[in-house]
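With chain A held as given, fit chain B onto it using these hints.
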Amino acid sequence: DQQVKQNSPSLSVQEGRISILNCDYTNSMFDYFLWYKKYPAEGPTFLISISSIKDKNEDGRFTVFLNKSAKHLSLHIVPSQPGDSAVYFCAASAQYGNRKLIWGLGTSLAVNP
Amino acid sequence: GAGVSQTPSNKVTEKGKYVELRCDPISGHTALYWYRQSLGQGPEFLIYFQGTGAADDSGLPNDRFFAVRPEGSVSTLKIQRTERGDSAVYLCASSPSENTEAFFGQGTRLTVV
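Chains as they are written, first to last, in our numbering: chain A, 78 to 190; chain B, 4 to 116.
Honestly, the hints are just simulated from the structure, not real lab data. Given the structure is predicted, the values throughout are model-derived calculations rather than measurements. Warning: the hint list may mix true and false statements.
[Said to hold, decoys possible] Far from chain A, by Cβ distances over 10 Å, these chain B residues were calculated:
id : residue
1  : 20
2  : 24
3  : 56
4  : 65
5  : 69
6  : 71
7  : 90
8  : 114
9  : 116
[Unchecked claim] Below, a sample of chain A positions facing chain B; criterion: calculated Cβ distance under 8 Å:
id : residue
10 : 119
11 : 121
12 : 127
13 : 180
14 : 181
15 : 183
Positions of the beta carbon are idealized from the N, C-alpha and C atoms, including for glycine.
Chain A with its partners taken away, still in its complex shape (with noise of 0.2 Å):
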């Protein structure tokens, strides 16, 4: 039983657009919700995450809105760049902080020229 849900395995989007990912899960315990990048033949790439007492969270381009009463969380990526096309994966923990993640499927994400 997925308590991660990505929906979409994948994303194709143009150059300076906006991506959104989403990601939902059922596990109400979950209190820390992570995106990660990951390009092929590496590890993943942490890129920003958000705690369940916040409802955003910015970095430069890369935005996480938090739905709780929804069980929904989604990454917006504006202005879209080539050098994103990987795979993202959503991941989230029932204890604040990187123990135990518990991890989406993905959702590869190509953003086009």
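Only chain B this time, still in chain A's reference frame:
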């Protein structure tokens, strides 16, 4: 080194054999994590070390899997009597504490034939 280093990068072994996978974390990082990623899946938590002790090993699938970190730095993941289902990318990550960003290595791709 500058990042988390995992060796070997690739390992092919025969069913029933014993394997060891090594992780060199970033110097000074007290928290160390092992994850396993099967094809088409997100990473799956295996075990978490805080210093030398395994603070949480609830993700180890069975008693064929064991991990150590005797001096609080390098960690070794040991798999006995390997099975074809153990084939996956084994990821190691470290962080200064469990509440800060975790840095991942490039992973070890284990193939059991």
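Results of checking the hints against the structure:
no.: 1; hint: 20; in the structure: holds (25 Å)
no.: 2; hint: 24; in the structure: holds (14 Å)
no.: 3; hint: 56; in the structure: holds (13 Å)
no.: 4; hint: 65; in the structure: holds (18 Å)
no.: 5; hint: 69; in the structure: holds (18 Å)
no.: 6; hint: 71; in the structure: holds (19 Å)
no.: 7; hint: 90; in the structure: holds (16 Å)
no.: 8; hint: 114; in the structure: holds (15 Å)
no.: 9; hint: 116; in the structure: holds (21 Å)
no.: 10; hint: 119; in the structure: holds (5 Å)
no.: 11; hint: 121; in the structure: holds (5 Å)
no.: 12; hint: 127; in the structure: violated (13 Å)
no.: 13; hint: 180; in the structure: holds (3 Å)
no.: 14; hint: 181; in the structure: holds (5 Å)
no.: 15; hint: 183; in the structure: holds (6 Å)
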